[in-house]
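Colleague: Given next are the chains, with one letter for each unit.
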Amino acid sequence: MPVDIDIAHVARLARLDLTDEELEMYRDQLGLILDHAARVQELEGDPLVEGAHNLGLESVYRDDVVRPSLDRDEVFAVAPEVRDGYFVTPPALET
Amino acid sequence: MTGRDGWEPVIGIEVHVELNTESKMFCGCAVDFGAASNTLTCPVCLALPGALPVPNRKAIEHIMAIGLALNCEVSPRSVFHRKNYFYADLPKNYQISQFDVPVCTGGHLEVEVEGEVRTIGIERAHMEEDTGKSSHVGEGGRIHDASATLLDFNRSGVPLVEIVSKPDIRSAAEARAYAQELRAVVAELGVSDARLEEGSLRFDANVSVRPSGTEALGTKVEIKNMNSFRSLERAIEFEIDRQIGVLDSGGGITQETRHWDEESGVTRSMRTKEGSSDYRYFTEPDLVPMVFDSDWVDKVRSGLPELPASRRARYGTLGLDTAQSGVLSAMVPSLRQLFDESVAAGGPSGPVANWVTGEIAGYLKRTGSETPQVTGSQLAELVAMAEQGDLSSSAAKEVLEGVLSGEGDPRQVAEARDLIQVSDKGVLAEAVARVLDANPEAVEGFRNGEGKVLGYLVGQVMRETKGRADPRLVNEILRETITG
Amino acid sequence: MSTPTIAEAGRMLRAGQITAVELTEQTLGVAHLTESQIHAYLTIDRDKALEAAGQADADLADGIDRGPMHGVPVALKDNMCTRGMETTASSQILAGWVPPYDATVVARLREAGAVIIGKTNLDEFAMGSSTENSAYGTTYNPWDISRIPGGSSGGSAAAVSVGSALGALGSDTGGSIRQPASLTGIVGLKPTYGSVSRYGLIAFASSLDQIGPLTRTVEDNALMLESIWGHDPMDATSYPGVYPEVRADLDKGVEGLRVGVVKEFAGEGYEPDVESAVTGMVDRLRQAGAEIVEVSLPSFKLALSAYYLIAPAEASANLARFDGIRYGLRVPGDTTEALMARTRAEGFGPEVTRRILLGTYALSAGYYDAFYGQAQKVRAAIVAELAAVYRDVDVLVSPTSPTVAFEAGARTADPLAMYLSDICTIPADLSGDPAISVPIGLDRQGLPIGFQVMAPSLGERMLFQVAAEVERLAGFKARPEIEVVAR
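Protein chains in written order, with my numbering: chain A, 1 to 95; chain B, 96 to 579; chain C, 580 to 1066.
Any given hint might turn out to be false.
[Unchecked claim] Just so you have them, the derived chain C footprint on chain A, three or more residues with Cβ under 8 Å:
| # | stretch |
| --- | --- |
| 1 | 15–21 |
| 2 | 34–42 |
| 3 | 53–65 |
| 4 | 85–91 |
[Said to hold, decoys possible] A partial selection of chain C residues facing chain A, derived with a Cβ cut-off under 10 Å:
| # | residue |
| --- | --- |
| 5 | 581 |
| 6 | 594 |
| 7 | 898 |
| 8 | 910 |
| 9 | 911 |
| 10 | 921 |
| 11 | 939 |
| 12 | 941 |
| 13 | 950 |
| 14 | 962 |
| 15 | 963 |
| 16 | 967 |
| 17 | 1010 |
Please keep in mind that the hints were generated in silico from the structure rather than gathered at the bench.
The structure presented is a predicted model; accordingly, all values stated were derived computationally and were not measured.
Heads up, the beta-carbon is just placed ideally off N, CA and C, and yes, glycines get one too.
Kindly produce the complete structure, drawing on both the sequences and the hints.
Modeller: Structure, rendered in structure tokens:
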């Protein structure tokens, strides 16, 4: 199948603010890679059982036990912006 | 209001139930809504690089219980998926949720609306994790003119169960009844605090309308931000009218998400970028499949408490009417237990229910206590005494107070306080004779047709017996004596 | 350069011929002399290393012996979280980030008494096969500093190869341990998926990522593996059962074993020197008593294509958390959306951006079935074919890489050419099985050639048995000689 790529849409989904030149470059590169990757479509068969683990692990849980949380000062020490016990970002465009 | 003739609303409800586990869904941070902001975080729920989720077994048992209570099937095998979208309060920028193989599928819930029972289908119940909390600060204090967003990740990763109904709901009142019933169920199961005001239950509604008598579904609109049963009902009412109005005037409905504005009582379109909701679900590779063998499912099933609907049905078979059943069913467990024990001890169900939901519930509320200090057999005895006329209604209340404050069994209390009603006809006849002798004019007046003096005479007899006479009997004896 | 192996160091330490502090000083000395040309490390923490070495000496003096890694200077790929030590995954987006926690493997190495020298360079977020995709510069191959060391664990491989660490940890998603091990003449193992905890490993593709050791010898590799693997309750994919005794059969040879030679891994694209070295080793294995069987796994031809859909798809989600809100780089914006999009555009390098776009596309509405869905079918076919083959043979062998180390810059302009570097290593990642690369010789330019041995999941005991024999048969003792220029 010919690979058609709405690269601007993909970049928006991936939250990447790319220039038009970058978008064009990535679209071309993705086209080449996807042409190669599209070979997977040659195979007919059953998909992997969803979520199957190579060692057959199933139903792995932890007990409902509280463990210590991180110290907030340590968390905030590497945060870009904090205020009064909160992380801060500019307002969201979408709500 | 626009007329609704010719239109049928079709409504589906999605309910998010926050579970009340000790720790979060995928990490050991405590679930505690009172903690200082951002003090309940760890590499996992803050999505630090390298952190991995491990599911909480208790949360999984809770969703199984919810599913079984809603008559769902627990899937033999279920997997988690990643739901990808960017949002500041979603630390990984994907939510661990479920997609095509949820834990629970295909159930139903019976709800009562205006005395009629309706069965609402349940599409599915799936396990996911909550986001952090954003608060928007700015001049107007409203989302659209916020100048900054403050983020608290204490809630990030709290276990959530999303319960999706089928589009079986046909009115706002039904939607409300469904939501209330669901709340009653999760409260009964004890899996959630079930407090709407704290956001432990959150509702989204999908609303569309179609011409009455047709099958095809109209374009649906999703409504968000309803924080109470009342706002759920109001928002749906508004939306139904809005859609009918649009269609009646020849317009079309846009598939969109609308935000309920509680203050102005309208739904508003939310600004979303076109194409932004491609969630790119794929199997969560950090987790392995969940397998539910029948032993585990049976164990959870056998631990289920009696659910509101079956309890109400049972009350019905005991002779309570719908209203009584509903009120009693919503009482705290200690009161319902008292009812059951009292009926088992031979108490008549109707009067016992009235005492439990009236006087005793009121006493608990007044005193702030949780368990009434009265046994089922004591209550049965009290009710029997009242029913047999051994106690006047005010005396019975006094006896109850005495029992509740530990003075003994009802008869002991009644005797000690000298409250036993005099129902001995002989004793009462003597008192009546004394009163009639002392009031010849009144007797004369009654014979001349002045009916109201009878009340005066009854009062005199009650005084004579220090209020312990059975007024019905007194009345009877007076009439017989005067006219006899 | 006379950096000992881990096993030698252990004997010397316990015989009192050297102290852990002296060994650490010596290893730091090698780093000091070689780093200006190799650039294996992003961070070297001399003080902490010497402190840990001092503790190791004190412990040994007190009779506390923490086992084979006790007092051994090691390096960690910089995508493993180290509490209090910068961890960047070679990305601008994590510049200066200091984790508040240790990855499980790091905690285990510390408990085992290992001395952590520092953090090694990698392709950004482990995406690459040359260690050129690092925001902090390229690592060069000690065998020829105009060439790359392979990748993405190129820093770890170069450090062990040149002797600025006795062993190192890498991570393997599509070959990122084995391919650089092959290109630098050392031993690199990708253990069974689920046997080494991923907790604290900065995720690239969660269903494929696996941490493993890079060492000079097969025995060292087993020793280091034993110190890091085992069940970890913090990783839900971690195997809770019994683990194989990996050193039990190191001396047993290959007599009577059935060795499958993968037919698909030869021909076009394979350098003649690589092919003849591999064929030579297969002959020697036959002479040593192994039964050689040529096997065909047709789905291997599609493995690379499937990998370049599955790995980017998972990566597109794994890397979504880097958004400029809670840690790491932030590029300001008027709205949260703009801030995130700018931070990510500026913070990620071109290869990472390319793979995020690729993965996002492969998962997006309308393309999922044709790409991601089909890729999962290929993965299932590979698993099924391998299961069938392992009913007939004990292990599979092939070249680790179709080529020896290539010149820096040779493949940077052509992503597909770069991706082909992993053609032989990817199947074991897709199946979750263990695979090891053992050096077997040099090509005519004097560059190392690696030999890959693959085994079924949890088949590490036999994998090491065969690898040890390969090592003996190859008799590969050469070390890189680099002109030493002190910084």
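Colleague: Name the hints, by number, that the structure is in violation of.
Modeller: 5, 6, 16
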